[in-house]
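> Each chain, written out:
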Amino acid sequence: MSESLITDAARSAIGQSQPPITVEVSRREIQKYSLATQQVQQKYLDGDEAPPMFLFGLLRPLTPIDELGPDGIARDASLPDLPLKRVMAGGTEMIWSRPIRPGDVLTATKTLSGIEEKQGKTGPLIFLHYTLNVVDVDGKPVVKERSTRICR
Amino acid sequence: MSRFANIKVGDRLPEKNHTATEISLFLYNAAIWNPHRIHYDAPYTLEIEKHPAIVIDGPLQGDWLAQCVTDWLGQDGELVTFSYANRRASYLGETLTATGEITEKDEVAGTVNVRLGIRNEAGEIIAPGSATVRFSEA
Numbered sequence: 010m011s012e013s014l015i016t017d018a019a020r021s022a023i024g025q026s027q028p029p030i031t032v033e034v035s036r037r038e039i040q041k042y043s044l045a046t047q048q049v050q051q052k053y054l055d056g057d058e059a060p061p062m063f064l065f066g067l068l069r070p071l072t073p074i075d076e077l078g079p080d081g082i083a084r085d086a087s088l089p090d091l092p093l094k095r096v097m098a099g100g101t102e103m104i105w106s107r108p109i110r111p112g113d114v115l116t117a118t119k120t121l122s123g124i125e126e127k128q129g130k131t132g133p134l135i136f137l138h139y140t141l142n143v144v145d146v147d148g149k150p151v152v153k154e155r156s157t158r159i160c161r
Numbered sequence: 035m036s037r038f039a040n041i042k043v044g045d046r047l048p049e050k051n052h053t054a055t056e057i058s059l060f061l062y063n064a065a066i067w068n069p070h071r072i073h074y075d076a077p078y079t080l081e082i083e084k085h086p087a088i089v090i091d092g093p094l095q096g097d098w099l100a101q102c103v104t105d106w107l108g109q110d111g112e113l114v115t116f117s118y119a120n121r122r123a124s125y126l127g128e129t130l131t132a133t134g135e136i137t138e139k140d141e142v143a144g145t146v147n148v149r150l151g152i153r154n155e156a157g158e159i160i161a162p163g164s165a166t167v168r169f170s171e172a
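First to last, the sequence lines map onto chains A and B. Under the numbering used here, the first residue of the first sequence is numbered 10, with each subsequent residue one higher. Under the numbering used here, the first residue of the second sequence is numbered 35, with each subsequent residue one higher.
Bound-form chain A, shown alone (with noise of 0.2 angstroms):
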C-alpha cells in the first residue's frame, strides 16, 4: 500500500463548512438562464419559478475579473490543498423541498463530507463528497444536493 495522497491538513478539513452565502433571486436574472438554456415552459421564460440547475448558477463565486486566473477560473475556496490538481465535476444529487422563485432570499451552506482516495485506469484519483444545504428566509429548507469532485 502506497503512501496515502490525502495530507493530513486535507483530512482535518472533513466536517468543515465554508461560510454561508446569502443571495437574492430576482426575476430578470431566472429569464437569462433560462432563455440561455432554451427552456420552453412559460413559468421558467417569465422567471416565475426557476429551472433546477439554476441553483448551480446562483451559487458560483463573485470573483473580481483580476482574481482570476489566465484559464479564467476563480481560485476555489472549497478545495483542501491536494497533490492532484486537475478537477473534475463528479456527480451531483438533490433533493427539492419546493421550487426557487423570484424574491427568495437563500442561504447556503457548503460541507466537506468526505475525502476518498482511490486507483484509476490512468493513476491515482481523489473523491471529495460535499453537501450543499439551501434555506429560505424562515430557515425552512429548500434544496440539499450532495456532489462528488474527483482530482486526478
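By construction, these hints were calculated from the structure, which means they are not laboratory data. All values reported here derive from a predicted model rather than from experimental measurement. A hint or two may mislead.
Claimed, not checked - Derived EDC-like pairs (lysine to aspartate or glutamate); straight-line CA-CA distance at most 16 angstroms:
id: 1; chain 1: A; residue 1: LYS94; chain 2: A; residue 2: GLU126
id: 2; chain 1: A; residue 1: LYS52; chain 2: B; residue 2: ASP110
id: 3; chain 1: B; residue 1: LYS50; chain 2: B; residue 2: ASP105
id: 4; chain 1: B; residue 1: LYS139; chain 2: B; residue 2: ASP45
id: 5; chain 1: A; residue 1: LYS52; chain 2: B; residue 2: ASP45
id: 6; chain 1: B; residue 1: LYS42; chain 2: B; residue 2: GLU155
id: 7; chain 1: B; residue 1: LYS84; chain 2: A; residue 2: ASP80
id: 8; chain 1: A; residue 1: LYS94; chain 2: B; residue 2: ASP45
id: 9; chain 1: A; residue 1: LYS127; chain 2: A; residue 2: ASP55
id: 10; chain 1: A; residue 1: LYS52; chain 2: B; residue 2: GLU112
id: 11; chain 1: B; residue 1: LYS50; chain 2: B; residue 2: GLU128
id: 12; chain 1: B; residue 1: LYS42; chain 2: B; residue 2: GLU141
id: 13; chain 1: A; residue 1: LYS94; chain 2: A; residue 2: ASP80
id: 14; chain 1: B; residue 1: LYS50; chain 2: B; residue 2: ASP110
id: 15; chain 1: B; residue 1: LYS50; chain 2: B; residue 2: GLU155
As the list claims (entries may be wrong) - Listed next, with one range per pair, are the computed distances between beta-carbon atoms:
id: 16; chain 1: B; residue 1: ILE57; chain 2: A; residue 2: ARG69; range: 31 to 39 angstroms
id: 17; chain 1: A; residue 1: LEU77; chain 2: B; residue 2: ALA76; range: 14 to 22 angstroms
id: 18; chain 1: A; residue 1: LEU93; chain 2: B; residue 2: ALA156; range: 27 to 35 angstroms
id: 19; chain 1: B; residue 1: GLU135; chain 2: A; residue 2: ASP147; range: 18 to 26 angstroms
id: 20; chain 1: B; residue 1: GLY144; chain 2: A; residue 2: GLY78; range: 42 to 50 angstroms
id: 21; chain 1: A; residue 1: ARG69; chain 2: B; residue 2: ILE41; range: 32 to 40 angstroms
id: 22; chain 1: A; residue 1: LEU14; chain 2: B; residue 2: GLN109; range: 45 to 53 angstroms
id: 23; chain 1: B; residue 1: HIS85; chain 2: A; residue 2: PRO73; range: 37 to 45 angstroms
id: 24; chain 1: B; residue 1: VAL142; chain 2: A; residue 2: LEU77; range: 47 to 55 angstroms
id: 25; chain 1: B; residue 1: ILE57; chain 2: A; residue 2: ILE104; range: 29 to 37 angstroms
id: 26; chain 1: B; residue 1: ARG149; chain 2: A; residue 2: ALA86; range: 50 to 58 angstroms
Ideal placement from N, C-alpha and C gives every residue a C-beta, glycine not left out.
Chain A is fixed; fit chain B onto it per the hints.
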C-alpha cells in the same frame, strides 16, 4: 383516469435534441458567471487545454436532463430528486439527445422514478441521471 394512472414502467419520455452554438454557450456561461476559457476561446481551448474543440459545459447537459423530466411532468406535479453525472466531455458541433424512461412507480406515494441520459451522436450515454417526481393527483 388520471395521468398518473396511465403511466407504466418502461414508458419513454419525449426525447429532445440539443445543439449548442457559440452564442448559446456564451449566453449560458454569462448567465452562470463562468469565465473558463474552454467554453468560448477556441485557440486557447485547443492549444493550452488540448481539447479538440470548445467544450460544452457539463452542468448545461445536466440542465437538459432536468428539462427532459420537468417538461414531461409539466404542471402535473413536482420534482423531488434530481441527479446526474458527467462521464465524458462533449464538444461544440455535436448534437446531444436528452432521453428518459420510467423505471419505477409507487402507487401509494404517487411518485415515479425516471432514468435519464444524455446520448451523443455515437450512441454513448455521456451523462447519466435520474429523477423522482411526485404527481399532485395520483
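> Each of the hints needs a verdict: does it hold here or not?
Each hint, compared with the structure:
1. LYS94/A <-> GLU126/A: With Cα atoms ~14 angstroms apart, LYS94/A and GLU126/A stay inside 16 angstroms; holds.
2. LYS52/A <-> ASP110/B: At roughly 13 angstroms apart (the allowed maximum being 16 angstroms), ASP110/B and LYS52/A satisfy the hint.
3. LYS50/B <-> ASP105/B: 10 angstroms, holds
4. LYS139/B <-> ASP45/B: 11 angstroms, holds
5. LYS52/A <-> ASP45/B: Violated - the C-alpha atoms of ASP45/B and LYS52/A are around 26 angstroms apart, more than 16 angstroms.
6. LYS42/B <-> GLU155/B: Measuring from Cα to Cα gives roughly 28 angstroms; hence the hint is violated.
7. LYS84/B <-> ASP80/A: Between LYS84/B and ASP80/A the Cα gap is close to 13 angstroms, so the pair holds against 16 angstroms.
8. LYS94/A <-> ASP45/B: This hinted pair is violated, its Cα atoms lying about 43 angstroms apart.
9. LYS127/A <-> ASP55/A: At roughly 45 angstroms apart (the allowed maximum being 16 angstroms), ASP55/A and LYS127/A break the hint.
10. LYS52/A <-> GLU112/B: 13 angstroms, holds
11. LYS50/B <-> GLU128/B: Given that 16 angstroms is the threshold and the Cα spacing comes to 14 angstroms, the pair holds.
12. LYS42/B <-> GLU141/B: OK: LYS42/B and GLU141/B at ~11 angstroms, within 16 angstroms.
13. LYS94/A <-> ASP80/A: 14 angstroms, holds
14. LYS50/B <-> ASP110/B: 20 angstroms, violated
15. LYS50/B <-> GLU155/B: 13 angstroms, holds
16. ILE57/B <-> ARG69/A: 31 to 39 angstroms: 21 angstroms, violated
17. LEU77/A <-> ALA76/B: 14 to 22 angstroms: 19 angstroms, holds
18. LEU93/A <-> ALA156/B: 27 to 35 angstroms: 29 angstroms, holds
19. GLU135/B <-> ASP147/A: 18 to 26 angstroms: 38 angstroms, violated
20. GLY144/B <-> GLY78/A: 42 to 50 angstroms: 48 angstroms, holds
21. ARG69/A <-> ILE41/B: 32 to 40 angstroms: About 36 angstroms separates the Cβ atoms of ARG69/A and ILE41/B, which means 32 to 40 angstroms holds.
22. LEU14/A <-> GLN109/B: 45 to 53 angstroms: 49 angstroms, holds
23. HIS85/B <-> PRO73/A: 37 to 45 angstroms: Given range 37 to 45 angstroms: violated, Cβ gap about 27 angstroms.
24. VAL142/B <-> LEU77/A: 47 to 55 angstroms: Hint holds: Cβ distance 51 angstroms, inside 47 to 55 angstroms.
25. ILE57/B <-> ILE104/A: 29 to 37 angstroms: 34 angstroms, holds
26. ARG149/B <-> ALA86/A: 50 to 58 angstroms: This hint is violated: roughly 35 angstroms between Cβ atoms.
Hints 5, 6, 8, 9, 14, 16, 19, 23, 26 from the earlier list are contradicted by this structure; the remaining hints agree with it.
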